[in-house]
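2 protein chains.
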Amino acid sequence: MQALVDRIQKDGNILNGDVLKVDAFITHQVDPVLMEEIAESFYQAFKEAGITKVVTIEASGIVPAVYTAQKFGVPMIYARKSKSLTMNEELLTTEVYSFTKQVTSTVSISRKFLSKEDKVLIIDDFLANGQAAKGLIELCRQADASVEGIGILIEKSFQPGRKLLEEIGVKVVSLARISSLENGKIAFIEGDA
Amino acid sequence: MQALVDRIQKDGNILNGDVLKVDAFITHQVDPVLMEEIAESFYQAFKEAGITKVVTIEASGIVPAVYTAQKFGVPMIYARKSKSLTMNEELLTTEVYSFTKQVTSTVSISRKFLSKEDKVLIIDDFLANGQAAKGLIELCRQADASVEGIGILIEKSFQPGRKLLEEIGVKVVSLARISSLENGKIAFIEGDA
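Chains as they are written, first to last, in UniProt numbering: chain X, 1 to 193; chain S, 1 to 193.
Chain X with its partners taken away, still in its complex shape (with noise of 0.2 Å):
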């Protein structure tokens, strides 16, 4: 997706050689413009899939994955970090262990907002290692939803996430691939949207 990846390369900044900074768009302040535009990208990729509801993980999936959602109108559910005092019910939980902060934390939705019936599609903002994606999957398929595709915005095509999803089987569109932030400089290859 053109506008993305030249919103990326006009804002977006390398740290320590491996992590990309977009926290002036999309992971602290938000462009809602520019996200109204992914949704409309993921729906294309996905309009014929029959999707009913739309999941990802708080908080920075949160507002690409609600304009998502109105596109296929449809509600979006985002997972919680943390038992919040009103999950006072049954939930499908699992854990997630994220290697840039080498912690592993446990995700949870109510069982309630997902069933056998759904078709679901996950949204993120970044797939690395694919670690927060897999951890969506399972709690869909704990709840014997059907996972009718991932949708990234940011994709680092030089580490495992992708093939990681790929191989469980499930369709991956990634907005923008990035296949090197080596020598301070960001290198793309072509997206899927």
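Among the clues, some could well be false.
Put simply, identical chains are the same to the list, so a pair is met inside one copy or across any two.
As the list claims (entries may be wrong) - When the alpha-carbon atoms are kept at most 25 Å apart in a straight line, the in silico BS3-like pairs for lysine-lysine are as follows:
(1) Lys81 to Lys101
(2) Lys112 to Lys10
(3) Lys116 to Lys81
(4) Lys81 to Lys21
(5) Lys21 to Lys101
(6) Lys112 to Lys21
(7) Lys185 to Lys112
(8) Lys134 to Lys47
(9) Lys71 to Lys112
(10) Lys171 to Lys10
(11) Lys21 to Lys163
(12) Lys71 to Lys171
(13) Lys163 to Lys134
(14) Lys101 to Lys119
(15) Lys185 to Lys21
In short, the hints are calculated from the structure, not lab data.
Predicted model only: the values in this text are computed from it and were never measured.
Got chain X; can you put chain S on it based on the hints?
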């Protein structure tokens, strides 16, 4: 706002006597259509205020804040509760005490995203004791940005939050104002918009 009041009556639940659970359409599963209507109400209430930024706190304020920001044609910023790996610059920081969770957390916004030229609208899902909103006002003041108002989805009017914020001198607009959750019944007083 009648649509929100109706939805709370239909899908809200009372827990432990004074906790209102709205996880079916705001805090866990999210209804994008209702959120866009909510944003339009905030736009109507503050459209003369020259808003340049919409500010909220992760995670459940993010969706109403981004839709509201889009109505104003401005960016949305969400304060972070945990320091992100990529927040390596100067931060606006304050402490927020949660009466519900009985914990104090540090919330931060990168200084580069707020300046003295900014006119800020703060958005949050709940107003109870007002500590989160007070913390966001403090972050704006550290940047010398002016806070033009606070937009709240659900105000628990039997708790002291509104009084606290009005004493600070900020206009508060709440779309649904709850006067009581006693005896298992959700009672409303007329909202602002």
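Evaluated hints:
1. In this assembly of identical chains, Lys81 and Lys101 lie within 25 Å of each other by CA distance both inside one copy and across copies; the values are 14 Å within and 15 Å between.
2. Proximity of Lys112 and Lys10 under a CA criterion of 25 Å is satisfied inter-copy only: 16 Å between copies versus 42 Å inside one chain copy.
3. Taking identical chains as interchangeable, the C-alpha atoms of Lys116 and Lys81 lie at most 25 Å apart only when both belong to the same chain, with a minimum of 23 Å there against 34 Å between chains.
4. Taking the shortest Cα distances, Lys81 and Lys21 sit within 25 Å of each other both inside one copy (22 Å) and across copies (18 Å).
5. In this homomeric assembly, Lys21 and Lys101 come within 25 Å of each other (Cα to Cα) only inside a single copy, at 15 Å, whereas the closest approach across copies is 31 Å.
6. For a Cα distance limit of 25 Å, the shortest separation of Lys112 from Lys21 across copies, 14 Å, qualifies, whereas the shortest one inside one copy, 36 Å, does not.
7. In the homo-oligomer, the alpha carbons of Lys185 and Lys112 lie at most 25 Å apart only across protomers (23 Å), although the nearest pairing inside one protomer, at 45 Å, exceeds that limit.
8. With identical chains, the CA atoms of Lys134 and Lys47 are at most 25 Å apart within one copy only, with a shortest distance of 22 Å there and 42 Å across copies.
9. In this assembly of identical chains, the alpha carbons of Lys71 and Lys112 lie at most 25 Å apart only when taken from the same copy (23 Å versus 32 Å across copies).
10. Taking identical chains as interchangeable, the C-alpha atoms of Lys171 and Lys10 are never at most 25 Å apart, the minima being 29 Å within one chain and 37 Å between chains.
11. In this homomeric assembly, Lys21 and Lys163 come within 25 Å of each other (Cα to Cα) only inside a single copy, at 23 Å, whereas the closest approach across copies is 39 Å.
12. Taking the shortest Cα distances, Lys71 and Lys171 sit within 25 Å of each other inside one copy (19 Å), while across copies they are farther apart (33 Å).
13. In the homo-oligomer, the alpha carbons of Lys163 and Lys134 lie at most 25 Å apart inside one protomer (11 Å), although the nearest pairing across protomers, at 45 Å, exceeds that limit.
14. For the homomeric pair Lys101 and Lys119, neither the shortest alpha-carbon distance inside one copy (31 Å) nor that between copies (35 Å) is at most 25 Å.
15. In this homomeric assembly, Lys185 and Lys21 come within 25 Å of each other (Cα to Cα) only inside a single copy, at 13 Å, whereas the closest approach across copies is 47 Å.
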